[in-house]
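*Asks:* These are the residues of each chain, in order.
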Amino acid sequence: MTEAIDESVNFAGIVLRNPVLTASGTFGYGTEFAPFLDLEKIGGFVAKSLTLEPRFGNPPPRIAETPAGMLNAISIENVGVRAFLEEKLPALPDGVVVIASAFGTEPSVYAELAARVSEHPRISGIEINASCPHVKAGGIEFGQDPKLLGELVREVRRATTRPLLVKLSPNVTHIADMARVCEAEGADGISLINAVQAMEVDVETRRPVLSNILGGLSGPAIRPIALRMVWQVAQAVEIPICGVGGIMNAEDAIKFMLCGATAVQVGTANYLDPSSAQRIAVGISEYARSHGFKRVADLTGALETPRE
Amino acid sequence: MTEAIDESVNFAGIVLRNPVLTASGTFGYGTEFAPFLDLEKIGGFVAKSLTLEPRFGNPPPRIAETPAGMLNAISIENVGVRAFLEEKLPALPDGVVVIASAFGTEPSVYAELAARVSEHPRISGIEINASCPHVKAGGIEFGQDPKLLGELVREVRRATTRPLLVKLSPNVTHIADMARVCEAEGADGISLINAVQAMEVDVETRRPVLSNILGGLSGPAIRPIALRMVWQVAQAVEIPICGVGGIMNAEDAIKFMLCGATAVQVGTANYLDPSSAQRIAVGISEYARSHGFKRVADLTGALETPRE
Amino acid sequence: MSDATTKSASATSIENKADPIRGHARVVSNEEEGPGRRLRLAVPDWPGSIPGQFVMIGAGAEAGVPRRDPLLPRPMAIYRELGSSGVRASAEGEIELLYRVVGRGTQLLSEAREGESIKVVGPLGRGFPLDRPAVASVDESGSKAILVGGGTGIASLYELARALISRGRSVVVILGGRSAGDLMGQREFEALDVQLICTTEDGSDGVHGLVTTPLADGLTSGERGATVYAVGPTPMMKACAALAATNSVDCYVSLENPMACGFGVCLGCAAPRAEGGFFLVCRAGPVFLAREIDWEGLP
Amino acid sequence: MSDATTKSASATSIENKADPIRGHARVVSNEEEGPGRRLRLAVPDWPGSIPGQFVMIGAGAEAGVPRRDPLLPRPMAIYRELGSSGVRASAEGEIELLYRVVGRGTQLLSEAREGESIKVVGPLGRGFPLDRPAVASVDESGSKAILVGGGTGIASLYELARALISRGRSVVVILGGRSAGDLMGQREFEALDVQLICTTEDGSDGVHGLVTTPLADGLTSGERGATVYAVGPTPMMKACAALAATNSVDCYVSLENPMACGFGVCLGCAAPRAEGGFFLVCRAGPVFLAREIDWEGLP
Ligand SMILES: Cc1cc2nc3c(=O)[nH]c(=O)nc-3n(C[C@H](O)[C@H](O)[C@H](O)COP(=O)(O)OP(=O)(O)OC[C@H]3O[C@@H](n4cnc5c(N)ncnc54)[C@H](O)[C@@H]3O)c2cc1C
Ligand SMILES: Cc1cc2nc3c(=O)[nH]c(=O)nc-3n(C[C@H](O)[C@H](O)[C@H](O)COP(=O)(O)OP(=O)(O)OC[C@H]3O[C@@H](n4cnc5c(N)ncnc54)[C@H](O)[C@@H]3O)c2cc1C
Ligand SMILES: Cc1cc2nc3c(=O)[nH]c(=O)nc-3n(C[C@H](O)[C@H](O)[C@H](O)COP(=O)(O)O)c2cc1C
Ligand SMILES: Cc1cc2nc3c(=O)[nH]c(=O)nc-3n(C[C@H](O)[C@H](O)[C@H](O)COP(=O)(O)O)c2cc1C
Ligand code: FES
Ligand code: FES
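Chains as they are written, first to last, in the working numbering: chain A, 1 to 308; chain B, 1 to 308; chain C, 1 to 299; chain D, 1 to 299.
Because the hints were derived from the structure by calculation, they are not lab data.
Some clues are possibly wrong.
Said to hold, decoys possible - In silico PhoX-like links for lysine-lysine, alpha-carbon gap of 25 angstroms or less:
(1) K147(A) to K147(B)
(2) K294(B) to K41(B)
(3) K238(C) to K41(B)
(4) K41(A) to K238(D)
(5) K119(D) to K17(D)
(6) K119(C) to K238(C)
(7) K41(A) to K294(A)
Treat the numbers as computed from the prediction; the structure is a model and nothing was measured.
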C-alpha cells in the first residue's frame with residue numbers, strides 16, 4: 001500500500017510531475033499562490049489568457065454567485081505578452097511548468113502570440129483560448145464554428161513547434177466535431193471545457209447582475225456537462241485531453257481521468273481554497289495506489305461502460 | 001398594497017390563471033400532486049411526454065444527484081396516448097389546464113400524436129418535445145438541427161390548430177436560430193430549456209452512474225444557462241416564451257419573466273417540495289404587487305439592460 | 001396493461017392509506033444507535049403510516065436560507081410510529097427513523113440537532129400486506145411470519161411485527177449483523193411478543209453466521225403457511241427469497257432504489273419486473289413479492 | 001505601466017506584511033451585536049494582520065461533508081486582533097469580525113455555533129497607510145486622524161484607531177447609524193483614547209444627523225494635516241471624500257466590492273480608477289485614496 005507510485009503523465013508531449021494543472025484565469029501568474037501551495041508540487045499551470053497588448057476587462061460587476069457555481073465576465077484582462085514574458089515568468093521558481101494561453105480576434109494574432117511565447121524557454125506549451133464566453137469578438141466565435149476553428153488551429157500550428165493545446169467552448173451542438181477539427185489541424189491536445197455561457201438577474205434592481213449581461217458559468221454546477229464532453233471527445237479523437245470544469249477534489253478529477261482525460265485543470269476551486277490543486281494531486285495518487293493502479297496515468301480511460 | 005392584482009397571462013393563446021406551469025416529466029399525470037397542492041391554483045401543467053404506444057424507459061439506475069442538480073435518463077417512459085386520454089385526463093378536476101407533450105422518432109409520429117390529443121377538449125395546447133437529451137433516436141436530433149426542426153414543426157403545425165409549443169434543447173450552438181425556425185414554421189410559443197446533456201461517474205465502481213451513460217442535467221445548476229437562453233430567444237422572436245430550468249422559488253421564476261418569459265415551468269423542484277408550483281405562483285404575485293406592477297403579465301421583459 | 005408504470009406489487013396492499021403530507025418536521029432527538037443513528041421527528045399533521053411505508057426527508061437540517069446542494073431528498077423507512085394512532089390524523093405525530101451514514105445526505109442528517117427543522121414528505125409507498133393472504137390462498141391468521149432484517153433494513157420491520165402480532169400471527173424476527181455492535185433497535189424488538197433471533201457473522205452475539213441459517217431452520221421446521229418478510233442488503237434479500245421459494249412460501253422484500261420524488265412522478269426508481277418492464281419502487285412498492293422482481297436486473 | 005491589474009493605491013502601504021494562510025478557524029463565539037453579529041474565530045497559524053486587511057471566510061460553518069452551495073467565500077474586515085501580536089506569527093490567533101446579515105452567506109454565518117469550523121484565507125489586501133505621510137508631504141505625527149464609520153464599515157476602523165494612537169496621532173472617531181440600536185463595537189471604541197462621536201439619523205443616540213455633520217466640523221476646525229479614513233456605505237464614503245477634498249485633506253476609503261478569491265487572481269473585484277482602467281480591490285486595496293477612484297463607475 002505504501003509503495004511509490006508513478007504520478008507523472010505525458011500530456012501532449014509535456015511531461016507533468018502529476019496530472020493536476022490549474023486553469024487559465026483562475027491562477028493568476030502563479031506567484032499569487034506561493035503562500036498557499038508548493039508550485040513545484042502541482043503538474044503545472046495555465047497562465048491567464050494573453051493578448052498582444054496589456055488589456056483591461058469589463059467594468060464591474062464582473063462576477064456573481066449562482067447555485068453551486070459562479071458567473072464571470074472578466075474579459076481577458078491581462079498584462080500583455082511582453083510583461084508576461086519579462087516580468088511574470090522570471091518571478092516563478094525553476095521547476096514550475098507553465099503553459100501560456102493565447103487570445104485574439106484574428107488567427108494571425110493568435111499565431112503571433114504563439115510565436116512570441118514559443119521563444120521563451122520557460123514555456124512548456126501553448127493553449128489556444130478559442131472559447132471565452134463573454135468577449136464580444138474573438139474567442140467563442142472560433143470555438144463555435146468548425147471552419148473558423150480549423151483555420152485558427154492551422155495558422156497557430158504553423159507558428160510554433162511547441163505542444164499546442166486547444167481549449168474548446170462547451171457552447172456548441174457537437175463537441176466531438178470541434179475536437180476532430182483540432183486533431184486534423186495538428187493540435188497536440190484538447191482542453192475542455194471553458195465556462196458555459198450563462199446569465200444572472202437581480203430581481204430588486206431588475207437588471208442583469210453582470211455589467212456585460214452575459215457571463216461564463218464555472219464551478220461544480222457544470223461538472224456533469226464537462227464530464228460528458230470529455231467522454232464524448234475521448235471517443236472521437238486520439239490526441240490527449242485535459243479535463244476542466246467544476247473540479248473541487250480528487251474524486252472529481254478522477255472522474256475526468258476515467259472518462260479519458262490525461263490531465264485535469266482546476267479552476268474555480270482555487271478561489272475557495274487556494275491549495276486545492278496540490279491537495280487534489282495527492283488525492284489522485286492515493287486513489288490510484290489504494291485501487292491497485294501502478295501508475296496514475298493508468299486511470300486515463302479506465303471507465304467500464306455497459307455498451308458502446 | 002393589498003389590492004387584487006391580475007395574475008393571468010395569455011401564453012401562446014392559452015389563458016392561464018397564473019404564469020406557473022409544471023414541466024413535462026416532473027408532474028406525472030397531475031393527480032399524483034393532489035395531496036400537495038390545489039391543481040386549480042397553478043397555471044397548469046405539461047404532462048409527461050407521450051408516445052403512440054405505452055413505453056418503458058431505461059433500466060436502472062436512471063437518476064443521480066450532482067452539485068445543485070440531478071441527472072436523469074428515464075427515456076420517455078409513459079402510458080401511451082390512448083391511456084392518457086382515456087384514463088389520466090378524466091381523473092383530473094375540471095379547472096386544470098393541461099398541455100400534452102409529444103415525442104417521436106419521425107415528424108409523422110409527432111403529427112399523429114398532435115392530431116389525436118387535439119381532439120380531446122381537455123387539452124389546452126401541445127408541446128413538442130424536440131429535445132430529450134438521452135433517447136437514442138428522435139427528440140434531441142430534431143432539437144439540434146435547424147432543418148430537421150423546421151420540418152418537424154411544419155408537419156405538426158399542419159396536424160393541429162391548437163396552441164403549439166416547441167420545447168427546445170439547450171445542447172446547441174445558437175439557440176436563437178432554433179427559435180426562429182419554430183416561429184417561421186408557425187409555432188405559437190417556445191418552451192426552454194430541456195435538460196442539459198451530462199454525465200456522472202462512480203469512482204468506486206468505475207462506471208457511469210446511469211445505465212444509459214448519458215443523461216439530462218436539471219435543477220438549480222442549469223438555471224443561469226436557461227436564463228441566458230430565454231433572454232437570447234426573447235431578443236430573437238416575437239412568439240411568447242415559457243422559461244424552464246432550475247426554478248425553485250418565486251425569485252427564480254421572476255428572473256425568467258424579467259428576461260422575457262410569459263410563463264414558466266417548474267420541474268425538478270416538484271420532487272423536493274411537491275407544493276412548489278403553487279407556492280411560486282403566490283410569490284410571483286406578491287412580488288408584482290409589492291413592486292408596483294398592476295398585472296403579473298407586466299413582469300415579462302421588464303429587465304433593464306445597460307445596452308443592446 | 002395500458003399503464004406501464006403503475007403495476008401494483010400485490011393486490012393485497014392495505015387500501016385505507018392516508019394521503020401524504022409535506023411539511024417541516026422538528027428534530028426531537030438524533031442519537032447514536034449501534035452502527036447508525038436513531039432520529040426522532042415531530043411532524044405536523046402527520047396522518048400516521050402503514051408498516052413498510054417511508055418518508056422522503058431533506059438531506060440535513062434546513063438552514064435559515066436555501067442551500068441547493070445536496071439537492072434531492074432521501075427515502076427512509078418509518079421505523080416507529082409514536083404518539084399518533086394508526087392511519088388516523090393527529091395534530092402532530094412523532095416518528096422514528098433508523099439510519100446509517102453512507103454518504104453526504106445521511107452525514108448531514110447525522111449533524112441535525114434537537115429543535116432543527118427537516119423537510120418531510122410522506123407517508124409514501126404501499127406498505128406490507130397484512131390482512132389478507134397474498135398469493136398462496138391460505139388463511140394466514142395464526143400462521144408463522146418470519147421477519148428477517150439486515151442492516152438498516154430492520155427499520156421496515158418493527159411496525160410490521162407489531163401489526164402482525166395484533167393480527168394474531170406468530171412472529172419470528174431474525175436480525176443480522178457483522179458483529180454485536182452492528183445491531184440496531186434490538187431493545188424494541190426484545191420488548192415485543194416475538195421469537196427474536198440475532199445472528200452475527202463473527203459470532204460476537206447470538207447465533208454465529210448469516211440470517212439465512214435460522215431462516216432455513218424456521219422454514220424447514222415443518223409449519224405450513226409461513227410468510228417471509230426480508231429487508232436488508234440486496235444479496236441478503238435474494239438469499240432469503242431463494243430459501244422461501246425452495247420451501248414454497250411467499251417472501252416479501254422492500255427495495256431501496258435511489259429516489260428523487262418518492263411518489264411516482266420522476267420515474268427514477270424503476271426496478272425490473274420478472275415478467276419484463278419495470279416497477280416504480282416508490283409507488284408499486286417499496287414492498288414486493290420477491291418473485292415479482294428480476295433480481296439480475298437490479299443494479 | 002505594463003501590469004494593468006496591479007496598480008498600487010498608494011506608495012505608503014506597510015510593506016512588512018505577513019503571508020496569508022489558508023485554514024480552518026474554530027468559532028469561539030458568534031453573538032448578537034447591535035443590528036449585526038460579532039464573530040470570534042481562533043485561527044491556526046494566524047500571522048496577524050495590518051489594520052484594514054480582511055479575510056475570506058466560508059459561508060457558514062463547514063459540515064462533515066462538502067456542500068457546494070453557496071460556493072464562494074465572503075470577504076470580511078478584521079475588526080479586532082486578539083491574542084496575537086501584530087505581524088508576528090503565533091500558533092493560534094484570535095480575531096473578531098463584525099457583520100450584518102444581508103444575504104445567504106451572512107445568514108449561514110449567523111447560524112455557526114461555538115466549536116464549529118469555518119474556512120479562512122487571510123490576512124489579505126493592503127492595509128491603511130500608517131507610518132509615512134500619504135500624498136500631502138507633511139509630517140503627520142501628532143496631526144489629527146478622523147475615522148468615520150457607517151454600518152459594518154466600523155469593522156475596518158478599530159485596529160486602525162489603535163495603531164494611529166500608538167503612533168501618537170490624535171484620533172477622532174465618528175460612528176453613524178440610523179438609530180441608537182444600529183451602532184456596533186461602541187464599547188471597544190469608548191475604551192480607546194479617542195474622541196468618540198456617535199451620530200444617529202433619528203437622534204436616538206449621540207448627535208442627530210449624518211456622520212458628515214461632525215466630520216465637517218472637525219475638518220473646518222482649523223487644524224492642519226488632518227487625514228480622513230471613511231468606511232461604510234458608498235454614498236457615505238463619497239460624501240466624506242467630497243468634504244475632505246473641499247478641505248484639501250486626504251481621505252482614505254475601503255471598498256466592498258464582491259470578491260471571489262480575495263488575493264488577486266479572479267479579477268472579479270475591479271473598481272474603476274479615476275484615471276481610467278481598474279484597480280483590483282482585493283490586491284491594490286481594499287483601502288484607497290478616495291480621489292484615486294472613479295466613483296461614478298462603481299456599481
Ligand atoms: C424506501 C426506502 C427506504 C429506506 N430506508 C432506509 C432506512 O430506514 N435507513 C437507512 O439508513 N437507509 C434507508 N434507505 C436508504 C437511504 O435512502 C440511503 O442510504 C440514502 O439515500 C443515502 O443518501 P446519502 O446522501 O447518505 O448517500 P449518497 O451520497 O447519495 O450515496 C452513498 C452511497 O449510497 C448509495 N445510495 C444512494 N442513494 C441510495 C438509496 N436511495 N438507496 C440505496 N443506496 C443509495 C449510493 O449509490 C452510494 O453508493 C432507504 C431507501 C429506500 C428507497
Ligand atoms: C474587503 C471587504 C470587507 C468587508 N468587510 C465586511 C465586514 O466587516 N462586515 C460585513 O458585514 N460585511 C463586510 N463586507 C461585505 C460582505 O462581504 C458582504 O456583505 C457579504 O459578502 C454578503 O454575502 P451574503 O451571502 O450575505 O450576501 P449575498 O447573498 O451574496 O448578497 C446580498 C446583497 O449583498 C450584496 N453583496 C454581495 N456580496 C457583496 C460584497 N462582497 N460586498 C458588498 N455587497 C455585496 C449583493 O449584491 C446583494 O445585494 C466586506 C466586503 C469587502 C469586499
Ligand atoms: C474568473 C474566471 C476567469 C477566467 N479566465 C479565463 C481565461 O482568461 N482564459 C481561459 O481560457 N479560461 C478562463 N476561465 C475559464 C477557466 O479556465 C475554466 O475553463 C472554467 O472556469 C471551468 O473550470 P472550473 O469550473 O474549474 O472553474 C476563467 C474562469 C473564471 C471563473
Ligand atoms: C426525471 C425527469 C424527467 C423528464 N422528462 C421529460 C419529458 O418526458 N419530456 C420533456 O419535455 N421534458 C422532460 N424533462 C425535462 C423537464 O421538463 C425540464 O425541461 C428540465 O428538467 C429543466 O427544468 P428543471 O431544472 O426545473 O427540472 C424531465 C426532467 C426530469 C428531471
Ligand atoms: S422516486 Fe420518483 S417515481 Fe419513484
Ligand atoms: S477578489 Fe479575486 S481578484 Fe480580487
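*Asks:* Report the numbers of all earlier hints that the structure fails to satisfy, in ascending order.
*Replies:* Numbers 3, 4, 6 - these are the hints that the structure violates, sorted from lowest upward.
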